[in-house]
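The sequence shown begins at -2 in my numbering and counts up one residue at a time.
Rather than coming from a laboratory, the hints here were simulated on the basis of the structure.
Every residue, glycine too, gets a C-beta built ideally from N, C-alpha and C.
Hints may contain errors.
Label pairs and their computed distance ranges (CB to CB) [unchecked claim]:
no., residue 1, residue 2, range
1, Lys153, Lys85, 29 to 37 Å
2, Ser54, Lys85, 33 to 41 Å
3, Asn101, Phe17, 25 to 33 Å
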Amino acid sequence: MTIKERYRIVLDYLGEQIPFAETELVYDSPYQLLVAVILSAQCTDKRVNLTTPAIFSKWPTAQALAEATFDDLFPYIKSISYPNNKTKHLIGMANMVMQTFGGNIPMTVEELVKLPGVGRKTANVITSVIDQQPNMAVDTHVFRVSARLGLTKNAKTVLAAEQQLIKHIPTELVHKAHHLLILHGRYVCTARSPKCEVCGLQDICLYYKKQQKKRP
């Protein structure tokens, strides 16, 4: 099997299983998505979605958030992981959006990563979700699933995995493939006790074959 065939099989199968592949974060604007993604680092989307409505109600725009103080915002996100840093990042992000980008969320990876709290993964999420740019955000789910299915080989870092995935996924499918891999990893190909018995990719899955060999 060629690497091209492997990618085609995986993407076709996941596309059938997850016809509406999109982020599970709830948002109504690029600003809201950016806030949600910053909060989602080392935190579940479910927890973020419980937290953001109150934030968006009180600070509906970057301009409003830029005027918030640490003591204003912190109580709203204290249940989120790393609340101190994220409070500072959100206020800093809002201020830079106003001062540097005229109140508009920038839509290039190069500009987004200049914002406090925004790394390459977050920037890739924003540009792929909002603008459907062919950018692949590699989180723990994407990293794990890609290795198990043989989509990546010997990728030691998320950047290496990103580069391998981008190389082989058709450009027009990259933004969707990101969600397919995340959702498959979140609900089927889980880190612990993956649900291999309900997965239709057993025949090509390197992880499944390895586990089978371990059995007495």
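Status of the hints after comparison with the structure:
1. Lys153 / Lys85: 29 to 37 Å: Given range 29 to 37 Å: holds, Cβ gap about 31 Å.
2. Ser54 / Lys85: 33 to 41 Å: violated (21 Å)
3. Asn101 / Phe17: 25 to 33 Å: holds (28 Å)
Comparing the model with each earlier hint shows a violation of hint 2 alone; every other hint is respected.
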